[in-house]
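**Student:** What follows is the residue order along each chain.
There are 2 protein chains.
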Amino acid sequence: MLNSESILAIQSVRLDHVNNAIILLDQTLIPNETKYLTLTTQEEVWEAIYELRVRGAPAIGIAAGFGLYLAAKNIAANLEPTGAFDVFYTSFQQAKAYLASSRPTAVNLFWALDRLDACAKANAHLPLAEIVSALRLEAQSIRDEDEQVCKSLGEYGLSLLKPQMGLLTHCNAGTLATARYGTATAPMYLGQERGYHFRVFADETRPLLQGGRLTTFELQSAGIDVTLICDNMASIVMKNGWVQAVLVGCDRVAANGDAANKIGTSGVAILAKYYGIPFYVFAPTSTIDLKCATGAEIEIELRNPDEVTKKWYARPMAPEGVNAYNPAFDVTDQHLITAIITENGIAYPPYVETLPAMLR
Amino acid sequence: MLNSESILAIQSVRLDHVNNAIILLDQTLIPNETKYLTLTTQEEVWEAIYELRVRGAPAIGIAAGFGLYLAAKNIAANLEPTGAFDVFYTSFQQAKAYLASSRPTAVNLFWALDRLDACAKANAHLPLAEIVSALRLEAQSIRDEDEQVCKSLGEYGLSLLKPQMGLLTHCNAGTLATARYGTATAPMYLGQERGYHFRVFADETRPLLQGGRLTTFELQSAGIDVTLICDNMASIVMKNGWVQAVLVGCDRVAANGDAANKIGTSGVAILAKYYGIPFYVFAPTSTIDLKCATGAEIEIELRNPDEVTKKWYARPMAPEGVNAYNPAFDVTDQHLITAIITENGIAYPPYVETLPAMLR
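First to last, the protein sequences are chains A and B. Residue numbers for the first sequence follow the working numbering, beginning at 2 and rising by one. Residue numbers for the second sequence follow the working numbering, beginning at 2 and rising by one.
Since the hints were derived computationally from the structure, they do not count as laboratory data. Check the hints yourself; a few may be wrong.
Note that the list lumps identical chains together, so a pair holds whenever it fits in one copy or between two copies.
[Stated by the list, open to error] Taking lysine-lysine pairs in the DSBU-like style, the calculated list, with each CA pair at most 35 angstroms apart, reads:
hint	residue 1	residue 2
1	Lys240	Lys292
2	Lys311	Lys163
3	Lys240	Lys36
4	Lys311	Lys122
5	Lys311	Lys274
6	Lys74	Lys152
7	Lys122	Lys312
8	Lys36	Lys274
All figures in this text were calculated on a predicted structure; none of them were measured in a lab.
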């Protein structure tokens, strides 16, 4: 059994600087197996993101940043050290577009790739080897900054909570989804250190069970009182009076405050509204997309229906050939969100006015 | 592949009058296997109800009725043909209490057992063999009446719907849960016969997957357009504008209209209210319990947490030893229910006034 320190010491994705490889915890195997993968090509990184071996908006951004750095290194290795930037940059752009195609919804993916792109352009006058070095530092910065961002989210989040509260979370916005601390879980970890004795309910989050497999694994390891429920039990748990706040992560926040997050989040928000429970969205500013006016503009990833009917099971659990619908995300209407917590402060409605201030 | 006629011809539970045995379709094996069990003792019937081999409030009532008849037959067989009624009745009452202990929430179980009890007492003056015969007929009546009840529910339900509508249902209130037609599915089957071309969304209904395994199996076999979704996808499906009515069964309706049904039903009702979609509860009068003032008095069955963490899976899908909460039902507040459909008509709020009329 891990303890709080050891679960927070887990690095879901990191760069092995000596061997130039990404070391990535395969989250599809948790809680049954703790296995680290070594990735060295953009194809391996794409597959790891697509198959959710790494998941969670911040961790996807970190993995994509490292992935684009590795791609750049491989591209440069096949060119003369004094090769033309234009030749390098054409291939770099292809690698960027390829990695961007792995998942459409989380904006951090694009945000991280854009940061490396800007870094490459800013260093265009330097030799390729130095450009590649700069990209490595930039990718590492994305990871290192995320740890500080999460800690800050935790402090702001904790300021909204009181000891002994019952909290409900959906999916996994935990340390596994980030560099460290998680987003929605950050106040849980900080609260644990400070004797808040929260009681957490974790939605299992079908079909991929990120809540059942990952959130319970994290919180149990940290010694936090966690109870697993099926997604359809959130209503009775709230009705029982066991939940004083809902805390969720997000994959993209539109300018008006509409927030895309794991499928089912919007339903939890509607229940929270009905039962009069505050609903908090934890959003690193990297997930805020002011170019997106409302949630209607956010592309929702549709995944393989087999994830609903067959995955994980010993036998298929639906009739052969049945239709199934498998959207990976939904959009929670801004009116359902009590506050959006960022690393720069807490935004309250009207978000169209308060979110820009968080980005400054 | 079954067709509409053959799926409706399936008898989830029936009495083999020649061999005095209950022939029961083991619903835990569907959709992978269609296996009929032969039950001859009260212990076997208890186990079949407890393990959900037979489930759905009406089918549980039917099985319990047949079970108590078999118990009575076995009791009488061990007594002199002219044995005293009192001796018979003491054992009969024990068998009744035993069968009643199989599941606490669905009132049909108690209702069916009470019908046989009343039948035994009404025939107390007759020889034991004739009492047993009367019990057999009474148990068979419960089954036969249920078919008419469901057909009537279907007609009333269909009067609330229009062709081409999108419908959403939770759990399985289908032909498998009743003698025939189902409760919430009855209008779907009648609509299919009359060219209504409904599009049905079936919540998979964790943890036991009655929607994913049973409702899809039934409706697909009948040629009805059915799409399976995870429970947490009901919100996005409603937001997409794909649902014009929610149809669910129930296990017990209190005098004020509060309705206990499969876990998650109350959440679906809250979503339907939020999105302005009518929410209809299909309730044979046998599920209406006027002795129960409100839903707060309904005992909610808590089941083994392993159903959440391990059942169906190839490997455990949550960390060893994690807490899990597994209530089998929840109560939907009467204010969330647009109408309660019975075999005697449609009750609208205030239910405390309209429900008694349905029982007359």
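**Student:** Against this structure, judge whether each hint is valid.
**Tutor:** Hints, one by one, checked against the model:
In this assembly of identical chains, Lys240 and Lys292 lie within 35 angstroms of each other by CA distance solely across copies; the values are 23 angstroms between and 38 angstroms within a copy. For the homomeric pair Lys311 and Lys163, the shortest alpha-carbon distance between copies (34 angstroms) is at most 35 angstroms, but the shortest distance inside one copy (41 angstroms) is not. With identical chains, the CA atoms of Lys240 and Lys36 are never at most 35 angstroms apart, being 39 angstroms at best within one copy and 39 angstroms at best between copies. With identical chains, the CA atoms of Lys311 and Lys122 are never at most 35 angstroms apart, being 46 angstroms at best within one copy and 51 angstroms at best between copies.
In this assembly of identical chains, the alpha carbons of Lys311 and Lys274 lie at most 35 angstroms apart whether taken from the same copy (33 angstroms) or from different copies (32 angstroms). Proximity of Lys74 to Lys152 under the C-alpha cut-off of 35 angstroms is restricted to the intra-copy arrangement: shortest distance 31 angstroms within a copy versus 70 angstroms between copies. Taking CA atoms no more than 35 angstroms apart as the test, Lys122 paired with Lys312 passes in neither setting, with 43 angstroms inside one copy and 53 angstroms between copies. For a Cα distance limit of 35 angstroms, the shortest separation of Lys36 from Lys274 qualifies neither inside one copy, at 40 angstroms, nor across copies, at 45 angstroms.
The structure fails hints 3, 4, 7 and 8 (numbered hints given earlier, in ascending order).
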